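Since each chain comes alone in its own frame, lean on the hints to assemble the complex.
The listed protein sequences correspond, in order, to chains D and R. For what it's worth, the numbering used here labels the leading residue of the first sequence as 1, then goes sequentially. For what it's worth, the numbering used here labels the leading residue of the second sequence as 1, then goes sequentially.
Calculated directly from the structure, the hints in this document are not laboratory data. Heads up, none of these hints are tricks.
Taking lysine-lysine and the BS3-like style, the derived pairs with C-alpha atoms no more than 30 Å apart in a straight line are:
#: 1; chain 1: R; residue 1: K20; chain 2: D; residue 2: K146
#: 2; chain 1: R; residue 1: K683; chain 2: R; residue 2: K518
#: 3; chain 1: R; residue 1: K9; chain 2: D; residue 2: K146
#: 4; chain 1: R; residue 1: K680; chain 2: R; residue 2: K408
#: 5; chain 1: R; residue 1: K20; chain 2: D; residue 2: K34
#: 6; chain 1: R; residue 1: K718; chain 2: R; residue 2: K411
#: 7; chain 1: D; residue 1: K146; chain 2: R; residue 2: K605
#: 8; chain 1: D; residue 1: K34; chain 2: R; residue 2: K483
#: 9; chain 1: R; residue 1: K622; chain 2: D; residue 2: K146
#: 10; chain 1: R; residue 1: K67; chain 2: R; residue 2: K193
#: 11; chain 1: R; residue 1: K193; chain 2: D; residue 2: K34
#: 12; chain 1: D; residue 1: K34; chain 2: R; residue 2: K61
#: 13; chain 1: R; residue 1: K617; chain 2: D; residue 2: K146
#: 14; chain 1: R; residue 1: K453; chain 2: R; residue 2: K516
#: 15; chain 1: R; residue 1: K74; chain 2: R; residue 2: K88
#: 16; chain 1: R; residue 1: K483; chain 2: R; residue 2: K518
#: 17; chain 1: R; residue 1: K131; chain 2: R; residue 2: K67
#: 18; chain 1: D; residue 1: K146; chain 2: R; residue 2: K7
#: 19; chain 1: R; residue 1: K74; chain 2: R; residue 2: K130
#: 20; chain 1: R; residue 1: K481; chain 2: R; residue 2: K526
#: 21; chain 1: R; residue 1: K474; chain 2: R; residue 2: K565
#: 22; chain 1: R; residue 1: K9; chain 2: D; residue 2: K34
#: 23; chain 1: R; residue 1: K7; chain 2: R; residue 2: K680
#: 24; chain 1: R; residue 1: K141; chain 2: R; residue 2: K159
#: 25; chain 1: R; residue 1: K453; chain 2: D; residue 2: K34
#: 26; chain 1: R; residue 1: K121; chain 2: D; residue 2: K34
#: 27; chain 1: R; residue 1: K376; chain 2: R; residue 2: K680
Predicted, not measured: the structure shown is a model, and the values here were computed from it.
Below are the chains, spelled out letter by letter.
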Amino acid sequence: MNTNLVHFTLNGEPVEVAIEPWTTLLDYLRYHQKLVGTKKGCDHGQCGACTVLIDGNSVNSCLCLLVSLDGAEITTIEGVATADNLSLEQQIFIEEDAYQCGFCTPGQICSTIAMRNRAEINSEEELKDWMSGNLCRCAAYKNITKAARRIYEES
Amino acid sequence: MLNIGNKQKRVDGPQKVTGKATYAADITSQFYHAYVLQSTIACGSITAIDTSAAEAFEGVKGIFTHKNLPERLKNKVDYTDPLSPPGKPFRPFYNDKILYNGQPIALVVAQTFEQARYASKLIKVTYEEKKFKGSLSENLKNASADRAPEPASNRGDFKKAFKNSDYTIIREYRQSRNYHNPMEPHATSVEYKSDGSLVVYDKIQGVASSLKYLNGVFGLGADTVQVKSDFVGGAFGSGLRPQYQLFMATLAALELNHNVQMVMTRAQMFSFGYRPEVIHTMKLGCSNDGILQALSHKTVGETSTFEDFNETIVDWSGLLYKCENVNLEYELTPVQSYTPLDMRAPGGVSGVYALECAIDELAHEAGIDPLEFRRKNYVDYDQNEDKPFTSKELMACYARCEEVFGWKNRKDLSKTEPHLLTGYGMATGSWEALQQPASVSLSMNEEGTFTIKCATADIGTGTYTVMSQIAADKLGVSIEKIKFMLGDTAFPDSPIEGGSWTVSSVGSAVASVCEKFKYRIADVWKRNNPDYQAVAFGDISFQKGKLEYRSKAFSFTEIMQQASKEELSIAHSESPAEGQNTHSGYAHCCVMVEVTVDKDLGIIKVPRLVNVSAAGKIINPKTAENQLLGSMVWGLGMALREEGMVDTRYGRVMNANFAEYHIAVNADIHDIHTEFVEEKDDKVNPLGAKGVGELGIVGLAAAISNAIFDATGKRLRKLPMLLDDVLEA
Chain D
1 MNTNLVHFTL
11 NGEPVEVAIE
21 PWTTLLDYLR
31 YHQKLVGTKK
41 GCDHGQCGAC
51 TVLIDGNSVN
61 SCLCLLVSLD
71 GAEITTIEGV
81 ATADNLSLEQ
91 QIFIEEDAYQ
101 CGFCTPGQIC
111 STIAMRNRAE
121 INSEEELKDW
131 MSGNLCRCAA
141 YKNITKAARR
151 IYEES
Chain R
1 MLNIGNKQKR
11 VDGPQKVTGK
21 ATYAADITSQ
31 FYHAYVLQST
41 IACGSITAID
51 TSAAEAFEGV
61 KGIFTHKNLP
71 ERLKNKVDYT
81 DPLSPPGKPF
91 RPFYNDKILY
101 NGQPIALVVA
111 QTFEQARYAS
121 KLIKVTYEEK
131 KFKGSLSENL
141 KNASADRAPE
151 PASNRGDFKK
161 AFKNSDYTII
171 REYRQSRNYH
181 NPMEPHATSV
191 EYKSDGSLVV
201 YDKIQGVASS
211 LKYLNGVFGL
221 GADTVQVKSD
231 FVGGAFGSGL
241 RPQYQLFMAT
251 LAALELNHNV
261 QMVMTRAQMF
271 SFGYRPEVIH
281 TMKLGCSNDG
291 ILQALSHKTV
301 GETSTFEDFN
311 ETIVDWSGLL
321 YKCENVNLEY
331 ELTPVQSYTP
341 LDMRAPGGVS
351 GVYALECAID
361 ELAHEAGIDP
371 LEFRRKNYVD
381 YDQNEDKPFT
391 SKELMACYAR
401 CEEVFGWKNR
411 KDLSKTEPHL
421 LTGYGMATGS
431 WEALQQPASV
441 SLSMNEEGTF
451 TIKCATADIG
461 TGTYTVMSQI
471 AADKLGVSIE
481 KIKFMLGDTA
491 FPDSPIEGGS
501 WTVSSVGSAV
511 ASVCEKFKYR
521 IADVWKRNNP
531 DYQAVAFGDI
541 SFQKGKLEYR
551 SKAFSFTEIM
561 QQASKEELSI
571 AHSESPAEGQ
581 NTHSGYAHCC
591 VMVEVTVDKD
601 LGIIKVPRLV
611 NVSAAGKIIN
621 PKTAENQLLG
631 SMVWGLGMAL
641 REEGMVDTRY
651 GRVMNANFAE
661 YHIAVNADIH
671 DIHTEFVEEK
681 DDKVNPLGAK
691 GVGELGIVGL
701 AAAISNAIFD
711 ATGKRLRKLP
721 MLLDDVLEA
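Isolated chain R (complex conformation) (with noise of 0.2 Å):
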């Protein structure tokens, strides 16, 4: 009854469908509610708030500003979290300053959601505006790479290379700003106990980060709260670090004695991190055969004024392909805005987009097929760490996507419709597949059910199915008997749900515990049974639910019975794996694509999108196939649909709505279809599996865009590439 690699149904099924999934804003509680007040400018100070019209209105049952902040948030108080970057993290009340247009400026608690939004429209403020820089444009000259890390080296003599290539090009690619946008807006219930401890409901992804920011903001210990997260609706990196709501709710739960909730409106949802808007200028020199010789990228990407927020974006062009003459930049330049945040593959899916249209503009120079161009650039160990490649089947996801899209006849599969122009395009992708440490605990009771417990996150990636997937398999009983737990602090460390290591990381650290377990389970059999004491373990084996040895099976509740124990509990650590240090792991894919742009109105669809990826041994072919082709789709919207726009002269974001910031609707997809090669890992991690979360996002933006060129003869490089910018260009 082998569960690894199983069509395993989500466990958590059942409670998705009928409405009993609990995410933080559905805890039912008798909460106070908390509705925040936003500033209207993006730089400059308070010079008058006037909360008397608010505070006297019904049921208002408290108001912070920064005129009320406790005295104990101010001195020598640590606002990070465990992914802040460095700079000064964002101090909400701290005091009078504006450091963006929809900075929380004030927080209306009152006893129903509606009194708290209405209360929150009678406060008054007036501002002292100041000058500022609200975009990447305005601010360019003012870019630094001091403020950013430094990349990964460079590598020969690229300006000698490109000199002496036989076809370059120089381009520049630029990318608007995203917001990560998760279904669930982010929310915050905090129950305060008669004890004055609290509980505190969060969307985050991982409850260890929110635990943190509470203790180094409110001086909370784990003794005093906890926090937890059963189910998280979407997050994409928007739960990485805790965000403003967090403190919110606990702020005005401590001072005001009560149960708080916080949600975030849609547009509030626009008022804290997002995916920068970055500038690439791509230099790249091939000989006329075909064979890179040089090869140069470097970002501008926008941070806030206060931290400055970096991504690894130009180390993907120095690591995809082979090439001994590289040169990369990475700067950042200060704009008046919130700090951006990580969003699915940060940085590889910035970098990997400029790379991939510039090969594809390069491989057009040169008159070679784009997939043809991949493959003779094709390396096959990590130029820039100089390492071997855990693994890396590339080669068969090119194969393989080829045959399955039909790459080389693809220009006979054209539409016929006159109206219409038909293109195709292509681009490799790749993700890093990593392993964190991560901790679990397991407890068997009395009647053979397992339990297992970790402070990891379920963001809608399956992680309650695959880890009980992974146990099941490893103990060698149904997964009826597996009970997966995850979202509180009072579990066993997890590194946050992210990076897509989770199966690395957590799963790694499950098939460890359960190895441990049937050695402990062994040894009570052993020693309760004194003819096989000395049986050795290699010749016991685990299955449905009971240990063998010659032909005899004993049950593992039939083993507790004997031992008189009621429960036997086994805790793990798990560390990342030798070939993590050794080796660079990384996934990979190909991505195809079908587009057609109508001749008269520039409208683009995507018929058809095909993706076959290499990401190790896949635990869960259902739940992963719906990752990638999730982040297809995300591709997709970022290629065709996504763009935060700011109002420069107000530092707002103008579309901060579903209705204007547009996302990928059902309609928009039509063919589409991801499958795996198969890739034999035995040094990523015990498993052999790596993450699929990230990885179908990464190049399909550029396989669009040169779709486009091939059914248009124009290149857009700008992300979204909208009809307008087809019939301009």
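Just chain D, same shape as in the assembly (with noise of 0.2 Å):
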């Protein structure tokens, strides 16, 4: 089988994988790293729920080939609490009631991340927008926003 050879840091670890072309950064993450906190919703850049964090930009990881990734800094749901405490935007998220079932919201937490890293939003419309890459089937978007709006704001 060929393999490639690839670098990067996963949760702040080096990592150093031999790994097929065709491996995507989701299934490399599910079922290599047994990482499952990343979720596979549609496997087509459609639904949001594999959103995970390269080089603090928010990305669908189930789009991504892990050969494509050297010398990535990549952050999982698993990397963004630290040990003992949950952070602002997971604390945020339980305040404001900001899910249901709960199955995007690793992925919508790695987006309001990115937000907070990078993005400028003017309004109440370019927050809804920054956030509807990821689909919430159980409709929580209400409560999303709400704290979406406030990681935004305290950060």
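Take a look at the structure:
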């Protein structure tokens, strides 16, 4: 089997792995690393459940081939909280009840972190736009928006 | 420290925000991965299936088709589940027959997911095709009332009353097919143990249903298989019946003696149940002063060729308004598709859509404000069943919604942007408040921590949290002392999580087991304290983990130590309240919406949605409000977005993905508000609580439709209502 050697950091730890060229970051995380906090909702970049952070940007991990990520800094939901404490985003999601079933939540939280890191949000509409890459079939949108607004304002 | 009624944060929140909540596909044992190949024709048979190339592919461990289904799965095997409609359930790989496009026809099991998926494409299938009817409209002439259950009895003389009415309407409303699409695709992980027993992690709304199916099909009893489901990533009805991934993963695990996992793709989420397409014919008549005289509701719905799926649709029209002359008809017609499946507020959401549109049209004909029209025709007893309601605070919902929305002065609120038409619409909504039998167990350990178990589910509704609140309240302990466990066939029996009855059913059982515990701990206390033997139970109180009697307090742990007990366990089975027989239980709501329609482009937006609900005692306003809001968004999606499109030539769903099957996204939702009015109910169940998971979707699509008419003067009479419908109308 043809494999390629790739180096990156995953939740702060350096990783070196020989990987087949067709393996997506999502499948690598779930099947190879057993980091199942990142979810597969569609495998086609349409739902955002697989959102992770690559160099601080929110990315659909189902649309990334791992071989293309040499040198990347990858953070998944497992890398968001410290050992003892939930992150601000996680605390706010709980306080605002910004979820129901919780399946899309890791992706939603990663999107709010990327927003806090990178985005300039000037209106409610822009905020909703930013969060619209993450579908929530339970439709906890009102609370997700509330949480995202607080995360943007409080950080 | 009252917990019931508190905006308690979810007790499973930390797991959900850290990615530690494990859904069915998140079990990380060493699995073989299974991938399903689906039929590309809708009707006919498989004439040849060549799996040789796939078998030879690297990593492939096994391939299953109708050619090698074990004999033991063919004879006298029961493929039904507790919610099977009349007919013959689908039996995967049973023979060479194709019943629908997308039917699983082969299962490839391999070392990795990628290998299984790739190898499935190497299978060559040839078919013999037969002609078929691919849609409801193509097969209307075969619609029959014989296939459907009889609706509520007709009453009065509809024909005469309709003829004598001052205002009448005859209208047809159409609804397209909708797919559940929970974010979590259906998945089953089967762990094959060395003794041949199985632990099955299934996506299901009640583990007992999976167990029943595995028992019927594979002969597996509770001694050889345990079904678990700690977290369910949404379901909305899709998990009411075991879906085919359960069959696939279990078959492969048993045949290969190995752990097997199967996760459906998003496209495969369109290869089983759905909310059926229906056509309603409404005939309504009222007098000059807007009193409803005659009402006829006929619905024709689609089902599969092998099961007669039915919903309670037309009965809602006999229930919501006072009317002496009612005619209800319900027919089904088969199409070449999988069987439809209950989906959030099944039946109600369909029937009430048609009724609430028709009511609005009739009110308009009579020149009466739609809210006023509904008040005029209010009814305070169940005319279908001739029973009183357990409670009905709908009038309070109307009044509060009118006030919050600003209904009276709504026209003054209109936007002034020249390219936008603004309109306002409303509807009534309602949903059943049923209670089912449920069992629970409770045990307290020596540290005074309570574990309560029930085989129910939490599909995002908040079961873990709400049950913990009820127990904490009833026991008089802090919520941290309660551990509520669910989703395991090893736990006491529960009804399926559906029908908005979990709080009512399981919650009432939890409340009762806590009462029993108090009697029990009081007995233990009395036995070990001779001075108190004669104390009456009614003179004891329970607070902060202590039994209190005349200003003396004895902690539960002390009492346990005194009695040298390490654990105190109690079980309880709760039957539905008497009021469930003598009365009709329903929750109600009023919804009002504002829409804007772009004059040139036809784009429909919903800037404002207000729902006011009466649903008895609200155990947790935080989670209840969230569910209501979610179901309102579902109503918006149903009204303006969702449409499962079938290419009738091939019987295939054309838009089996999230790019083309549109569900509402965050940016679709603007000002959305819900609140509850006070509703006291001492009959519906011991908690006085009604479910809220389904209520908010009922009526909402009609309210949007009515608002579009208000804005544009156009009645679209179909769902979803799209911009081209506006432009073409």
